[in-house]
Amino acid sequence: MPDLDETPVLSVRDLNVRFGRNSIPAVSNVSFDVGRERIGIVGESGSGKSTTGRAIMRLLPQRAGVTAERMDFLDSPLLEKTERQMGGLRGKDIALIMQDPRYSLNPVLTIGKQVAEAAKLHLGARGKDAVARARDMLARVRINDPDRVLSLYPHQISGGMGQRVMIAMMLLARPKLVIADEPTSALDVSVRKDVLMLLDELVRENNSGLILISHDIRMVAAFCERILVMYSGRVVETLSRLEDAAHPYTRGLIAAMPDPKHPVRRLKVLDRKSIEVETNP
Amino acid sequence: MIKVENLDVVYGSKDKSNHVVRGVSFAVSRGETLGIVGESGCGKSTVLRSLAGLEGAWTGSISFNGKPVGKVRTRDELKLAQMVFQDPYGSLHPRHRIGTALAEPIRSMGAGDGWTRVAEALQQVGLPAHFASRFPHELSGGQRQRVAIARALILSPPILLLDEPTSALDVSIQAEVLNLLADQREERNLTFILVSHDLSVISHMCDRVLVMQNGVFVDELTRQDLQAGVTHASYSRELFDASFL
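Just so you know, the sequences run in chain order L and Z.
Reminder that position 204 of the first sequence reads as 204 in my numbering, one-by-one numbering, no gaps.
Each number in my numbering corresponds to the 1-based position in the second sequence with 1000 added.
Chain L extracted, bound-state conformation (with noise of 0.2 angstroms):
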């Protein structure tokens, strides 16, 4: 179903984060518009890719500075929200999926506690209906035997489930925003590809945005509308696909990933003083 609504979900302008007083920016001049679509950010580790996600959802340490422009979402602004009315928006509407089902679920509660208290506290819903609308989230989430899995703990289940456990939980609410950091990264090649259908098709039905942060650029590519390539701190291009791309930094990234059908006898490496020439003149 094409949405008619234009508007973006979320609008970034001028987005800086420095931890400390005279550091070096992690994050500088980020800008971009999320509308009811998928928008990828790649770069290395330390690029500031999750640290963007993170200033968005308000999750950075106090001493973290963050400022922007602008931050909408929804047309209000995020960055003067109380830490209340953030908790309110948290997992309702924006929800954030992190790398390792392993550490990001509770260890000592049951997946159907879990499931069912995300329905609890964002739908209002108690009791049996909790639990029963857990159930069916974990059944869409096409995990086979819902009502096993519900009183089982996370360390008995496999990544790959847990990770559509999150899914689950994440997107119980509807979401109008889906931030999903690295949410393969930890899980099998086999897994992965399921795992990133099911996410596109729940975030389709939903017509909400999801932004995908990952440092593989070619599954990225795979999966979203619009990449936007970070390299320290900065976003240095934004594409559509990768045959456009035009930043020393961005063929790199590209260059240096074995390519099966194209053997190459050496890898190419980054030259990272050309690019440093090229973000910085």
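Some hints could be false.
[Claimed, not checked] With a cut-off of at most 20 angstroms between alpha-carbon atoms, the simulated SDA-like pairs for lysine to any residue come out as follows:
id, chain 1, residue 1, chain 2, residue 2
1, L, K261, Z, G1141
2, L, K268, Z, G1141
3, L, K92, L, E37
4, L, K92, L, R133
[Claimed, not checked] Simulated restraints on C-beta separations:
id, chain 1, residue 1, chain 2, residue 2, range
5, Z, S1040, L, E83, 51 to 57 angstroms
6, Z, G1229, L, L152, 34 to 40 angstroms
7, L, G88, Z, H1137, 19 to 25 angstroms
8, Z, Q1123, L, S185, 31 to 37 angstroms
Because the hints were derived from the structure by calculation, they are not lab data.
In this text, a Cβ means the ideal position worked out from N, Cα and C, and glycines have one as well.
Dock chain Z against chain L, hints included.
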């Protein structure tokens, strides 16, 4: 160079036993690079650990250079095969300086204190010699993996066992480490066994690939097969399709 016959690894005993590796056999000739690919839990790392002598519960036969080796290795047997682990954060002692870590294999082989060879070993993997006085936390992930490779190579083993050597690294750093490994292989005529779940890394490095599932090899692919996308078993097809979106 390496010959493995009917390798079996079973953990636990009686009704609680877990048959991890089920009678695998393979051979690797000198200078060849063999890849083993499969999902987590399929037993690929266990095969490698058995070869390295880290596993005590295997049966079958393993021979290096035509000589069979047992579960308990002599110093000469240990010098034949060295291993590089997945996580450079976990495989270096956090309170030992890089120099100490690099000299340790030589010291434990009873061949002197090893300090004289540290600088050379660092330079071979493209790191400055003064890194010897640093601690692991003062290095980046890629630099740490270079140290791990230097440590494996310091005894000049003919065989290098690589357990997911680049899966904790960024693609740009991965390219540097894979190039380093390829250069060292050429220079020293090394034999590699590379375990990974990433088919693109495997197909870049390896002459031959074994696909593993539930403790057995279900498929064998040559470099030509990988380039053309040819597979001989449904499982390797699935793995292939999942790897290249």
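Verification of the hints:
Straight-line distance between C-alpha atoms of K261 of chain L and G1141 of chain Z comes to about 28 angstroms, which puts the hinted pair past the 20 angstroms bound. Distance restraint check for K268 of chain L and G1141 of chain Z: the Cα-Cα separation of roughly 19 angstroms lies within the 20 angstroms cut-off, and the hinted pair is therefore satisfied. At most 20 angstroms may separate the alpha-carbon atoms for a hinted pair to count; K92 of chain L and E37 of chain L meet this at roughly 18 angstroms. Taking the CA atoms of K92 of chain L and R133 of chain L, the gap is about 15 angstroms. The hint holds against a cut of 20 angstroms.
Taking the beta carbon of each, S1040 of chain Z and E83 of chain L are about 39 angstroms apart, not inside 51 to 57 angstroms as hinted. In this structure, G1229 of chain Z and L152 of chain L meet the distance hint of 34 to 40 angstroms, their C-beta atoms being roughly 38 angstroms apart. A beta carbon spacing of about 40 angstroms between G88 of chain L and H1137 of chain Z contradicts the range 19 to 25 angstroms that was offered as a hint. Between Q1123 of chain Z and S185 of chain L the beta carbon distance is about 33 angstroms. The supplied range of 31 to 37 angstroms therefore holds.
When the structure is compared with the earlier hints, violations turn up for hints 1, 5 and 7 and for no others.
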